[in-house]
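Trainee: Chain by chain, the residues run as shown.
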Amino acid sequence: MKGSFGFFINAKNLRFPSLISILCLPLMAAAAPPDVPAVIVIRNATILTVSHGNIEHGSILIKDGKIAEVGVSVNAPKDAQVIDAAGQFVIPGIIDCHSHIAAESINEGSVSVSSIVNMAEILNPEDIDIYRDLAGGVTSANILHGSANAIGGQTLVIKLRWGQPAAKLPFEGALPGIKFALGENPKRSNFSIPGQPRRYPVTRMGVEETIRGAFSEARDYKKTWNEYNKRAAAGERNLIAPRRDLRLEPLVEVLEGKRYVHSHCYREDEILMLLRVAKEFGFKVRTFQHVLEGYKVADELAAADVGASTFSDWWAYKVEAYDAIPYNAALMTQRGVVVSINSDDAEEATHLNQEAAKSMKYGGLSHDEALKMVTLNPAMQLGIDKRVGTIDVGKDADLAIYNRDPLSAYAVVQKTLIDGRVYFDLQRDIAERAEREKEKKALIDKFKKAAEKKPEEKKPDAAGQKPGEEKPEEKKPEAKKPEEKPKPPQTDGIDSGSTVTLGGAL
Amino acid sequence: MKATPTALRAALILIAVCVLPAIAGAQAAPPNTYAITHAKIFTLAGSAIEDGTVVFRDGKITAVGAGIEIPAGAHVTDAKGLQVYPGIFDSITQMGLREIGAVSATVDSTETGNYNPDVVAATAVSPSSEHIPVTRAAGITEVLAVPGSGGFDSGGSNSVIGGQASAIHLAGWVIDEMLIKKSAAMVIRWPEIETQTFDFATFSRKEKPYSEAKQEYDKQVNEITDWLERARHYAQAMEKGSPAKYDRDLKLEALAPVVRRELPILVFADRAREIRNAVEFCDKQELRMILAGAAEAYKVKDLLRSKGVPVILRPMLTLPPDEDDPYDRLLSQPAELAASGVKFAIASFDNSFARRLGQNAANAVAHGLPYDEALKAVTIYPAQIFGLGDQIGTIEQGKLANLIVTNGDPLELTTDIKYLFIRGQLTSMENRHLRLYEKYLKRPKSQ
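Sequence lines, in order, name chains U and H. Those letters in the first sequence? Residues 1 to 506, by the numbering used here. Those letters in the second sequence? Residues 507 to 953, by the numbering used here.
Fair warning: there could be bad hints in the mix.
Stated by the list, open to error - Below, computed lysine to aspartate or glutamate pairings styled on EDC-like, alpha-carbon distance capped at 16 Å:
| id | chain 1 | residue 1 | chain 2 | residue 2 |
| --- | --- | --- | --- | --- |
| 1 | U | K168 | U | D419 |
| 2 | U | K168 | U | E208 |
| 3 | H | K746 | H | E729 |
| 4 | U | K441 | H | D831 |
| 5 | U | K440 | H | E698 |
| 6 | H | K945 | U | D79 |
| 7 | U | K279 | U | E249 |
| 8 | H | K805 | U | D323 |
| 9 | H | K945 | U | D429 |
| 10 | U | K284 | U | D305 |
| 11 | H | K951 | U | E121 |
| 12 | H | K945 | U | D299 |
| 13 | U | K438 | H | D831 |
| 14 | U | K395 | U | E121 |
| 15 | H | K725 | H | E759 |
Said to hold, decoys possible - Just a sample of chain U residues kept apart from chain H, beta carbon distances all over 12 Å, derived:
| id | residue |
| --- | --- |
| 16 | K63 |
| 17 | N118 |
| 18 | I128 |
| 19 | V202 |
| 20 | R204 |
| 21 | D220 |
| 22 | A233 |
| 23 | I325 |
| 24 | G363 |
Source of the hints: derived by calculation from the structure; they are not laboratory data. These numbers were taken from a predicted model, which means no experiment stands behind them. Glycine residues also receive a C-beta, built at the ideal position from the N, C-alpha and C atoms.
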C-alpha cells in the first residue's frame, strides 16, 4: 500500500505503461463522453441526501444535468431515461480535497516558492486514474501541486469527466487555489540528490521566513500596482506600468481573497505558525491538508474558521506522522472544525467512502457526520457547496450509486454520474471487457507482424528467451517508446508512506 | 461531547483488569484459566456455535462448544451478544523491524548485500514497537515479520535472499515470549527482467535493452542456483562428516533447511513472467515455494494450482499494474483464485496499514470472494501455509488461545474488538493512538 518498498512495493509502484497500454489508451480515452439525456429519473433508491436526511424508496429527477426533484415520488415525464436503483444507495458524488490525478507532473521542486507554475496548464485528461477514481464514486477533485515548496504551485478543482478534453475538466466557477507546504517536505528532510547543495529552507524557522518573505514582496508589489492604477485612473500620462511578476501575482490574489490557500502540514506548531503569518498579512488559510496533528489544536482551527482535510488512518511513515491518530477527524469535528477525508493518492481515492466510515469507529461520529467528510465538507472547503456536496434541487447531478450502504467495506459503486451523465457504469464496464481484450490482442498481433517484417531489427528474444515463453499479455521488450514520460516509481503524493522520499509530490 | 466511545470504554475496562492487579502486587500471576461464555463462536473448523463457551488453560484451548462446563476458578468473560473468532494472522509485515519508514535509524528490515540467508527477523524485532499495540487493537494477534524489503530505506540494498521470516505473537515482554516460530520461511525476491529502472541518483527513469536486462536476470538466477548447490553440498557434509571436515559457513548452514525442504521459501514476485519463472525454478530445485505479492497470479492460476504453490496476496486495495487492466483487477483476483482452487492468504505487506487487513479481505468479498474464504485467508490459511495450522488459526481444542471477541464482523470497518486473548492471556488494547486520543479529548477548551 502506501507503505514500503522492495518486496513490499505496492503494485501501484510497479506501474509503468507498457507498449500495449500506450497503444490502447488513446482508444479508451477516445471513447466519446456519455450522451446526456435531457431527463433522467433514478427510482426506488435509498437516497442519502446529506442535507436533509435519508429517503427510502426515493426518486431523483435530473433535468439538463441538474437535480430537478428529490423525494418519495417525482414528476418524471414519460420519455425520461430510467435508472432503477432498487436496493441501492445514492449519495452525492464524492469530492476528494487532495488529489494528484490527471496531472502530467506535480512538483516544481527547484525553488522554495514555485507559485509561478499552475496545475491547470498540465492537465492530462487521459490519465487512467481519472476513470479508476470515478469507479470509486469520485466526481470532483482538488488537483494540488506537490509539497516540495513552502509556497507551491497554483491549483484547481476538476470534475472527473472521463473522455472529455482537458479544457472540459475544470470545475466551472470554482475559485483557484495555491499549495503551501510546511514541515519535512519543504525542508527536504527526507530527500536529497547526492552532490547537490541543500536548498533553503531546511528548518521550520526558514519555512516561515520563506512564506513571510514572499508575502512581503507580494504586498509591496500589490501596492506598486495599486499606486499605478490609481494614478492611471486619475488621468496621469506617460506612466510606465510596473513590471509584471508572475510569481507574485497569485500571492496578490491570495491577499485579495481571490485564491484559496491549501496548506500541507503535519505538526501542531507549524499549523499555528501559518495562522499567525496569515493574520499578519491579512489573508485566510482555506484548508490545512493532512493536518495530522490537527486534533491537538482543534480549537485554534475552529476559531480561525479554517477547513481541515486529513487522512483516515495513515501514520508513522515519517517522524511528523508519528503522532497521527485515526481519531483526528472525529476530534476536530467534535470541536467545530469542518473536516474532510482526502486521498492524496489515486488508489486511496477509490474507497474514500470506506475511509470516511472509519470516523464512526474511531471517535464515534454519526453516519451522517462520516458521510459529510467526503461530500458536503470538502465541497464547503473548496467553495463549491452551492453546486455539489448534497442531493438537493438545483444542484449538479453529481451522484454515486452503491449496491449497499456506502459506509461499509462491502459496498461497490454501480454508477457514477456527473452533470447527469453516467460516466461510470459497472455493468457496462464488465460488458465491454471482452471487446477491450479483443482490441488489445489485435494490436499485439499487429505489432508482432510488424516486428517480424523487419529482420534488421533484431528480435530481443534472441537473448535466450525460448520461443513461446513470452505470453502476449505480458510486458514486451519495448524497443522505443517516444510517448512515454519518465515517471518516478510512484506517482502518488509525498505522503504516501515512507515513499515520502521518492514520491512524485516531493 | 459524544458519549464515551465503545473502544475507549473497552480499553478502560482492560486497563482496570490488567493494570490494577499489577499495582496490587507486581509479581501476581495472571489467571491461567479463562472461559468466554454465551458467545457466538466462529471456530472456522465447522459451523458457528450459538451461545457457545470456549475454555482455555495455560494458553491452550481445552474445550469449545455449547453447554461446556466452566472449570472452577476460571476467569469468566460473559460475551452475550458478542462473537468470538480466531485472532487475525497478518502473514507478511515488517512488524518490529521498521518503526518510522523515513528514519533509517528506526529501520532494521533489510541487511545490505544481496545474499543474507543467515539473518533472522526475530533478532531485530523490537518488542516495544508502537506498531505492535496499534496493530493488536485491530484484532491481529500474530504476524509474520519479514526481513529483506530492499529499496530505499535499506540504503538501496536490493537483497535477493533477504533472510528468515519469524512468526510472532503480538504480545510478550521479550521476543522469546512472542515467538511462534523463529524461522518460518526463507525470503527471496525473485529477480525481474527489468528493461526500465528508476535511478535514484539522477531521479530519472533508465531504459536498457531487453538482451542486457535478460543477461542480468540470468546472472542473478545463476547466483541463486549456485547458492543452493553449495548449500546442498554443505548439508551433505554436515550429515556425513564431523565438523572438522568442513569449515562452518553461516550462510550455507542457514540454507541447508531450505534444500532439505524443511523450510519453505517465500518468493516475492508480482508479474506473471516472474511468477512462472520462479515456480519452474523451485519445481526443478525441489523447494517448498510460497508465492508472495502475486499481482498477476490470476494469469498463472493453473500452474499455481497444479504445482500446489500457496500464495500470500498483497492488499486488494492496490491499483492494477497496467493502465489497461480492469479497474478492479486486484479486487476481483481473490475470487478468481478461490474458484480455481489456488490456496491463498491475504496480508498487509506493511506495518502502519496492517490494521487495514480486514478491510482488504472485505473488499475481496465485495468483489466475489465467498465470505468464509476471506475470513480463512486471514486466519487458518496463512497458518497452514507457514506450517502453523496445528497451533493457530481456528478455535479447536489443543490450539493456542489466540482469540478475539467482537461486536460484529471482524472484517467490517466499524466493528469493535472488545477483548483480545493472546496465548490465553487477556491482552490490553491500550496503544499510542488511544493514549493520544484520550489526552486531547481532555484538552480544556482553548480561550
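Trainee: Each hint: holds or not?
Mentor: Going down the list of hints, with the structure as the test:
A distance of roughly 12 Å separates the Cα atoms of K168/U and D419/U; the hinted pair therefore holds under the 16 Å criterion. Taken as a hint, the K168/U and E208/U pair is broken in the structure, with Cα atoms around 37 Å apart against an allowance of 16 Å. Straight-line distance between C-alpha atoms of K746/H and E729/H comes to about 26 Å, which puts the hinted pair past the 16 Å bound. For the suggested pair K441/U and D831/H, the alpha carbons sit about 13 Å apart, so the restraint of at most 16 Å is met.
For the hint linking K440/U to E698/H, the alpha-carbon distance of about 24 Å lies beyond 16 Å, and the restraint is violated. For the given pair, K945/H sits about 59 Å from D79/U by alpha-carbon distance, which is inconsistent with the 16 Å threshold. Distance hint between K279/U and E249/U is unfulfilled; the C-alpha atoms sit about 20 Å from each other, more than 16 Å. Under the criterion of a C-alpha separation no larger than 16 Å, the hint pairing K805/H with D323/U is inconsistent with the structure, at around 42 Å.
For the proposed pair K945/H and D429/U, the alpha carbon gap of about 48 Å is over 16 Å, so the pair is violated. Restraint check for K284/U and D305/U: satisfied, since their Cα atoms lie roughly 9 Å apart, inside the 16 Å limit. Between K951/H and E121/U the alpha-carbon distance is near 44 Å, which puts this suggested pair outside the 16 Å criterion. Between the alpha carbons of K945/H and D299/U the distance comes to roughly 15 Å, so the proposed pair stays at or under 16 Å and holds.
Proximity of K438/U to D831/H is assessed by CA-CA distance (about 13 Å); at most 16 Å being required, the pair is judged to hold. Note on K395/U and E121/U: the hinted pairing is violated, with a Cα-Cα distance of about 28 Å set against a maximum of 16 Å. Annotation: proposed proximity of K725/H to E759/H is violated, straight-line Cα distance about 23 Å (limit 16 Å). Once the 12 Å rule is applied to beta carbons, K63/U is consistent with being away from chain H; the minimum gap is 30 Å.
Taking the minimum C-beta to C-beta distance to chain H, about 23 Å, the non-interface status of N118/U holds against the 12 Å cut. The non-interface label for I128/U is inconsistent with chain H: the shortest C-beta to C-beta separation is roughly 4 Å, within 12 Å. In this structure V202/U is separated from chain H by more than 12 Å, as the shortest Cβ-Cβ distance comes to about 15 Å. Taking the minimum C-beta to C-beta distance to chain H, about 16 Å, the non-interface status of R204/U holds against the 12 Å cut.
The beta carbon of D220/U is kept farther than 12 Å from every beta carbon of chain H, the shortest such distance being approximately 34 Å. For A233/U, the requirement that its beta carbon stay farther than 12 Å from each beta carbon of chain H is met, with the minimum near 45 Å. Listed as a non-interface residue, I325/U fails to keep its Cβ farther than 12 Å from every Cβ of chain H; the least gap is roughly 4 Å. Not every beta carbon of chain H lies more than 12 Å from that of G363/U, the smallest distance being close to 6 Å; the non-interface claim is violated.
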